[in-house]
Amino acid sequence: MQAINIFLTGRLGETLEDFMHGETRYAFGRLYPDGPHRVVEGPVCAFVDWVMDDLSGLEMCRRLRADPRTEDAHITIVLEEDDAADKRRALKAGADDYMVGPLDRTQVLDRVMALQAGCGQPGIAERLELGELTIDAAALQARWAGEPLDLRPNEFRLLRFFAQNPNRVLTRADLIEALGKQEPPIDERTVDVWIGRLRKALRAAGAGERVRTVRSLGYVYDSR
Numbered sequence: 005m006q007a008i009n010i011f012l013t014g015r016l017g018e019t020l021e022d023f024m025h026g027e028t029r030y031a032f033g034r035l036y037p038d039g040p041h042r043v044v045e046g047p048v049c050a051f052v053d054w055v056m057d058d059l060s061g062l063e064m065c066r067r068l069r070a071d072p073r074t075e076d077a078h079i080t081i082v083l084e085e086d087d088a089a090d091k092r093r094a095l096k097a098g099a100d101d102y103m104v105g106p107l108d109r110t111q112v113l114d115r116v117m118a119l120q121a122g123c124g125q126p127g128i129a130e131r132l133e134l135g136e137l138t139i140d141a142a143a144l145q146a147r148w149a150g151e152p153l154d155l156r157p158n159e160f161r162l163l164r165f166f167a168q169n170p171n172r173v174l175t176r177a178d179l180i181e182a183l184g185k186q187e188p189p190i191d192e193r194t195v196d197v198w199i200g201r202l203r204k205a206l207r208a209a210g211a212g213e214r215v216r217t218v219r220s221l222g223y224v225y226d227s228r
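If you're matching positions, the sequence shown starts at 5 in my numbering and goes up one per residue.
Certain hints may be false.
Label pairs and their calculated CB-CB ranges [stated by the list, open to error]:
(1) Ala89 - Gly26: 33 to 41 Å
(2) Asp38 - Ala7: 18 to 26 Å
(3) Asp71 - Asp108: 21 to 29 Å
(4) Met56 - Glu133: 25 to 33 Å
No lab work stands behind these hints, which were simulated from the structure alone.
Think of the CB as a built atom: it goes at the ideal place given N, C-alpha and C, for glycine as much as any other residue.
Sequences are here, hints too, so could you generate the full structure?
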């Protein structure tokens with residue numbers, strides 16, 4: 005049985021009952037300024053309020069990325085309103101995604117289950133090789149010429165989709181759909197942040213400039 009940890013910074017995390025779906029248990033908990041107050045085993049999805057009593061949501065994101073227990077968590081910032089500037093600040097602070105609150109149990113579960121569905125699509129090979137690039141979906145690990153790529157969940161899934169569609173122009177809408185981010189809709193410019201992080205990781209591993217911008221259309225992964 006797989007367990008997915010869902011932490012929320014608000015009191016909602018203390019009141020929600022765990023949810024079973026097939027062989028997966030979705031376990032809810034409260035996220036405190038110093039991190040989770042229980043054992044963390046398995047993937048983590050964190051929902052961080054933009055405004056909290058003790059600190060800001062931006063600072064909470066930075067703390068989660070610095071904590072070994074949650075450094076690889078999928079972090080969603082919960083905004084008070086649909087503000088483009090706040091979205092950009094959240095992504096720069098380390099968030100992977102954003103939603104406009106207040107949240108309820110159904111919204112949280114829908115988002116987490118969509119993320120899981122995007123990571124494990126049936127019929128897609130678990131291991132993919134494209135030139136010097138190797139992607140191991142089961143281990144959630146990508147390597148360039150044997151060098152591990154430092155990728156967050158969104159960027160890993162984005163690279164996997166590019167590798168499945170090399171040398172093909174993909175629009176921002178294509179990439180949003182591939183990552184299961186259509187509902188609730190997100191700003192297409194968020195894709196640019198994901199692309200920036202992916203490019204940085206590829207350059208750091210010696211891959212150079214593999215993801216090319218096609219003006220007014222989208223992006224393409226150049227395999228040659």
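Do the hints match the structure? See the list:
no.: 1; hint: Ala89 - Gly26: 33 to 41 Å; verdict: holds (40 Å)
no.: 2; hint: Asp38 - Ala7: 18 to 26 Å; verdict: holds (22 Å)
no.: 3; hint: Asp71 - Asp108: 21 to 29 Å; verdict: holds (27 Å)
no.: 4; hint: Met56 - Glu133: 25 to 33 Å; verdict: violated (44 Å)
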